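J.: Sequence:
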Amino acid sequence: MDRPTRRRVLRVGALAAATAGCVARRGTTPTEESTGTPPGATPDTSTETPTETSSETPTDHASEHVAWRRPVDGAVDVVPAVQGGTAFVGTDEGTLHALSGGDGTERWSAGFDAPTRSVTAVDGLVLVVVGTHELGNDHEVFALAPDGTERWRFAPGEWWLTVVGVHGETVYVATGDDAIGSEGETLYALDRASGEVRWSAEVGDPGGGLVTDRAVYVPTYDRLYAYDHDDTRRWDREGIDYGYRTLVVVGDTVALVIRTDDGQRAAVGLATADGSERWRLDDWFVTSLRAVDGDLYAGGEHVAALNPATGERRWESSAGGSIYDAPVVDGTLYSGGQSIAAVATGDGTVRWTAEPDVYLVDPVAVLDGTVYAHGSATEDDRNRHLLGFGADGGSHRWTVATEQPLEDPVVVGESGGDGPLVAGSGGGVVYGFE
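According to our numbering, the sequence shown holds residues 34 to 467 in order.
A portion of the hints provided could be inaccurate.
[Said to hold, decoys possible] For each label pair, taking beta carbons as the anchor points, the in silico distance ranges come out as: (1) G157 with A234: 18 to 28 Å; (2) R313 with S351: 34 to 44 Å; (3) V325 with G201: 17 to 27 Å; (4) D294 with E436: 36 to 46 Å; (5) R267 with A212: 23 to 33 Å; (6) G190 with R347: 32 to 42 Å; (7) S309 with E216: 15 to 25 Å.
Worth flagging that the hints you see were computed from the coordinates, not collected in a lab.
Remember, it's a predicted structure, so these values are computed and weren't measured experimentally.
Think of the CB as a built atom: it goes at the ideal place given N, C-alpha and C, for glycine as much as any other residue.
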């Protein structure tokens with residue numbers, strides 16, 4: 034059977050996400066360590082306020098909930114990364130902007146020779162993937178210090194790159210191409226300090242990934258790989274038609290959403306030791322999973338709390354919805370979709386529901402008694418809205434609408450704390466919401 038192309042799979046995935054009722058989602062050779070300012074990345078530590086070149090402004094009366102707005106030099110179509118009160122925002126013009134979460138002040142910026150594809154920040158390291166999705170285009174990974182200084186770059190010349198995660202002194206990067214398959218790609222383990230390759234192993238085209246203290250998990254087309262940190266392949270399991278962004282690990286169980294033979298969606302739990310199936314939840318349509326503090330939740334037609342080891346339901350709520358980004362605060366989980374439901378994590382009681390006047394909503398944070406939800410007004414008008422609801426009863430407090438779609442908002446606290454909420458837009462503006 035012919036391998037599907039990435040374009041075909043992305044079309045199918047987008048259709049599945051829309052059907053499931055969630056806000057639309059956007060999206061070897063060792064290298065030498067470099068010092069100073071490299072030709073590919075040019076940090077600018079100036080903190081002066083730049084001239085505003087974008088005319089995009091919130092159109093709703095509730096624009097007072099926009100704490101600040103910062104024009105940048107290109108569309109923001111990747112999710113910002115967050116560390117130490119700073120939002121790292123990439124653009125399609127090949128720039129990275131380090132912005133203060135508090136007031137949007139630019140701390141520094143860096144320029145690259147191609148658009149940013151993803152930004153990851155972890156433990157004093159900012160990892161930026163740059164390149165295009167044109168056929169044969171080779172991505173690069175740049176590793177920057179928190180002040181913008183380049184530490185190293187990695188360019189294996191193998192088409193597209195995905196940062197799978199970081200563990201200790203190792204950065205994991207996987208390759209991919211346009212013909213999606215379950216083998217024929219490479220997982221690289223890179224030295225965190227230098228970017229040199231410690232080891233490499235075979236995987237398929239990655240659909241994200243997850244790194245834990247004990248293993249590296251790479252979901253690919255029709256197969257899930259598990260590697261130990263010393264390059265030992267712990268196991269791989271075929272027949273896994275993976276639901277993007279659903280892979281979680283709780284205790285000794287790897288849980289994820291898969292597409293079943295009859296075209297439905299089910300959650301399965303696999304043993305971390307050998308990949309054997311421990312349980313399956315398939316009596317209703319499952320879209321998403323969430324792991325919080327050792328607890329496992331499933332979303333879709335219902336919202337349920339599962340025993341990670343057995344799959345047994347501790348409770349199953351009458352409310353449904355997606356829980357990809359569901360905040361869990363003070364014993365309450367907030368699910369989204371065509372409505373918002375506040376569900377008690379102790380017993381599944383629905384504390385309240387709200388049906389906003391938009392097509393879809395995705396709760397992303399709870400700050401100062403307000404539930405923030407990313408929204409789409411209609412099926413064709415997606416991701417331009419941010420809505421606020423009272424956490425105590427679900428009352429709709431305000432809506433902010435921007436001219437261009439917003440990428441997934443992230444919380445930026447000075448110590449990883451309680452705000453504000455930052456999101457970039459396709460109109461080349463980064464917003465701080467409060």
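J.: Given a hinted range of 32 to 42 Å, is it respected by the beta-carbon distance of G190 and R347?
T.: With Cβ atoms ~49 Å apart, the hint is violated.
J.: That 18 to 28 Å hint for G157 and A234 (C-beta), does it hold up?
T.: holds, 27 Å
J.: Is it true that R267 and A212 lie within 23 to 33 Å of each other by Cβ?
T.: Given a distance of about 26 Å, which is inside 23 to 33 Å, the answer is holds.
J.: Check the following: the C-beta atoms of D294 and E436 are separated by a distance inside 36 to 46 Å.
T.: 44 Å Cβ-Cβ, so the 36 to 46 Å window holds.
J.: Go ahead and decide if the range 15 to 25 Å is satisfied by the Cβ distance of S309 to E216.
T.: Roughly 21 Å apart at Cβ, these two residues keep to the hinted range, so it holds.
J.: Verify the CB-CB distance for R313 and S351 against the hinted window 34 to 44 Å.
T.: violated, 22 Å
J.: Can you tell me whether the CB distance of V325 to G201 sits inside 17 to 27 Å?
T.: holds, 24 Å
Figure legend: structure checked against the earlier numbered hints; hints not met, in rising order: 2 and 6.
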